[in-house]
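J.: Listed here are the chains, written in short residue letters.
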Amino acid sequence: MSRAILEYNKIEKSFYGVRVLRGVSFVLEEGHILGLVGENGAGKSTLMNILGGVIPFDAGRMVLGGEEYKPRGPADACAHGVAFIHQELNLFTNLSVAENIFITDFPRRRKWWTAGLPLISRREMKSRARPLLESLDLGVEPETLVENMRVGERQLVEIAKALSIEAKIIILDEPTTSLTTRETERLFDLLERLRAQGVSMIYISHNLGDVLRICDDIVVLRDGEVVGAGLKSEFTEERMIALMVGRTLDQLFPRREGEISREAVLDVVGLSQPGVIEEISFRLRKGEVLGVAGLMGAGRTELARALFGLDPTERGEVLIDGKPVPPAPHGRIRSGMAFLTEDRREEGLMMEAGISDNVALASLPSFLHEGVRSIAGFLKQKEITTAISRVTERVQVRGAADLRQAVNTLSGGNQQKVVLSRWLLDNPSVFILDEPTRGIDVGAKSEIYRIINELAARGAGVLLISSEIEELIGLCDRILVMAGGRITDCVERADFDRERILRSALGGMSKWESA
Amino acid sequence: MMEDSKKQRRSGFASVFEAKAIRNPFTSEYSIFCLTILYFIALTPFTPGLASAENAANIFSNMLPLLIVALGQTVVLITGGIDLSVTSTIALSSVIGAMMMTGEQGLLGGSRWAAPAAVIAMLLAGAVIGLFNGAAITLFRMPAFIVTLTTMMFASGLAIWLTESKSIYNLPASFNSIGKGSLFIVPNALIVAVLVALALHVALTQTLFGRWLYATGHNAKAAEVSGVRVERTVRLAYVISGLCAATASILYTGRMETGSPVLGQRILLDVIGASVIGGTSLFGGKGKVIWTISGVLFITLTDNSLNMLGLSYFFIMMVKGAVILLAALLDAWRNRLFVRS
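Each protein sequence line maps, in turn, to chains R and S. Quick note: the first sequence uses the numbering used here, first residue 1, plus one each step. Quick note: the second sequence uses the numbering used here, first residue 1001, plus one each step.
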């Protein structure tokens, strides 16, 4: 009879006042594989980060192997036998396989003349790595550099690392997304062997078919709560989807006035970049909010970047008002395109610069004095200042005493409003918004929804990329669903249905993988 | 509502002002200028002749070409880059100009067009070196440090090879007067320096280039996403730096009445040091013409006063090194403050 190795008991966690985990309780049995499923943002990663010691929890308790467990950090979690294999693998690609396996605990040289010196014994490292690699059927030498290995093999190196610390629990976060069908089969064989040896695993995946195949128990999370838990035999794919989405709409989304025109403002025809996006075609009309749904890695951000000219495309056309647009971002801005990036810190803001400098950035060329309209041209400084204060008032940027204040002193929501303001100055006709509400609180979210509605009401076309299905259903007139770099579905407002959207996002993925 | 926001704004200004005053005086904008004055006042009693008109003129004439190079360097530093090739640009440009106009053997020796043609050629040499630096950095995404370091070696080698390591004398008087002469009582060099400083100040504060330059230095990725022509801006910054170095070369060459392949080889540390002491950040995004003027003034005054105190060249080097290190430390410390808040 198996016994519990890990128990979550009423775990609570909030980020900036937003409750992400609401009293999560479930049990992982020794020698079982537990499948953890839920939509993006349901709390899976938070739960695993807590187990892996990456972040602390607020309340509740965890019991590991019969003892209270409260990791002080990833190293402590490691010492307790918890290994976390992240979706983006945590390997040093410039180092060898053996070095990666022993990175936290290199074997020392132990001869009398080296005693006490911090010298690594490469011989021992190799001799200890070899049996590990053999047990995984990984036919590479310990000296092989990770950068010379395929993704599937790298995954196995991560598992070897877990085995080297004699992990009792291995967390696998979306382990199969970048694997081929054969590599997936090999991984599953290995997981079954490890299970037979008594290793317990938590398996997170959006691929419900895989979950049903490999797992013994299943836990479904929604909005930070466990909404279904039990043996695999109690679940079907349909039931899991119903549990993952079953929720009612909040009153967060004001309905907007204004008609959608029949005129197209943006036409995309057969846009392709092999391996990234394939044959993307759609039409965005004036006054329309067009949503883009999909799971992580479905190619949504890649599509946005390609549309804005940040990443290259091999084939296809992008037209605004029927005219082809120039290739680079500055040209697309001139044609009336605006792009709000998902990575506010890295690509959106100059964090140490003032609010006004940040807001002015994109529309500076339109404030040039007549005469020299080039890089050497002079700017109408006063007009810039007036325009900035008008627009920041309109979107209600708060928390700043003065528009020269650095944006890194603002909250996430207000930072996002600064980025939005930047694009409002020039009245663009096409807005590409990539996760505009990521990482901001509910109040700021609803204000951003208000701005999006206002933009559409004024006749702009908005392409809204979001991982929150609620948001898309609440705001959009149509939703495109992407999977594996393709558009797999297009749903009209009248047919909005969470299950259909999720199924298209998931279904497309398994189709893509088998292809 | 209106009243409310006004009140809020006023109290906001007040709090910002208070915070600035309370904060360490070293972080204030004009701290270096104040420090320079303090230093001058403190040293005057112990250093006979420091405050004399003659010495003031000496300080200025030493400072002007250095200032012009440092201003160009500031433009590059704002992008987050660095230009190590300025000293070699000075040397190469000096040699090229001198070879064109020297006495009888020069390309245009004796012609009355010799001086203007040489000036144009010298500026062109600076612009070409700058364009090369900028192009290599933007097109091949190479680090500025290594690109300009190799340009420095190449240009320096070329200058020495062209002249077989000999100085070139016998330059036209009209040329020498740019660096040496004066208009009534105002030295020509001062006029040139003021024009350069004014032009750059206007470029940094009033033009699209200026805004794009700071944006590139703050966050090049975000700038690109906002439609800033990052590569064009960076290239232009290096061209400006090259042009400034060439302008300084005209003044130096004229002042010494000599084209020298090793002209200005010792000033690199002063150039970068002056910018950083002034407050220009090595991390990019920050820098002003007025700051660099303060920095140059400070470093020239240090040099001059220690000299007058009879200290050796090597001791002065040590002091200057320490001061620049301190300034860089301050820069790193200010940046950390920002990150923390």
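Don't take every hint at face value.
Using 30 Å as the maximum straight-line C-alpha spacing, the simulated DSBU-like pairs for lysine-lysine come out as follows [what the hints assert, rightly or not]:
| id | chain 1 | residue 1 | chain 2 | residue 2 |
| --- | --- | --- | --- | --- |
| 1 | R | Lys382 | S | Lys1221 |
| 2 | S | Lys1221 | R | Lys323 |
| 3 | R | Lys382 | S | Lys1288 |
| 4 | R | Lys380 | S | Lys1320 |
| 5 | R | Lys445 | S | Lys1221 |
Just so you know, these hints were derived from the structure itself, not from any lab.
J.: All the hints need checking, so say for each whether the structure fits it.
T.: Cross-check of the supplied hints:
1. R:Lys382 <-> S:Lys1221: The hint holds at about 27 Å.
2. S:Lys1221 <-> R:Lys323: 27 Å, holds
3. R:Lys382 <-> S:Lys1288: At roughly 21 Å apart (the allowed maximum being 30 Å), lysine 1288 of chain S and lysine 382 of chain R satisfy the hint.
4. R:Lys380 <-> S:Lys1320: 42 Å, violated
5. R:Lys445 <-> S:Lys1221: With Cα atoms ~25 Å apart, lysine 445 of chain R and lysine 1221 of chain S stay inside 30 Å; holds.
Checked against the numbered hints above, the structure breaks only hint 4 and satisfies the rest.
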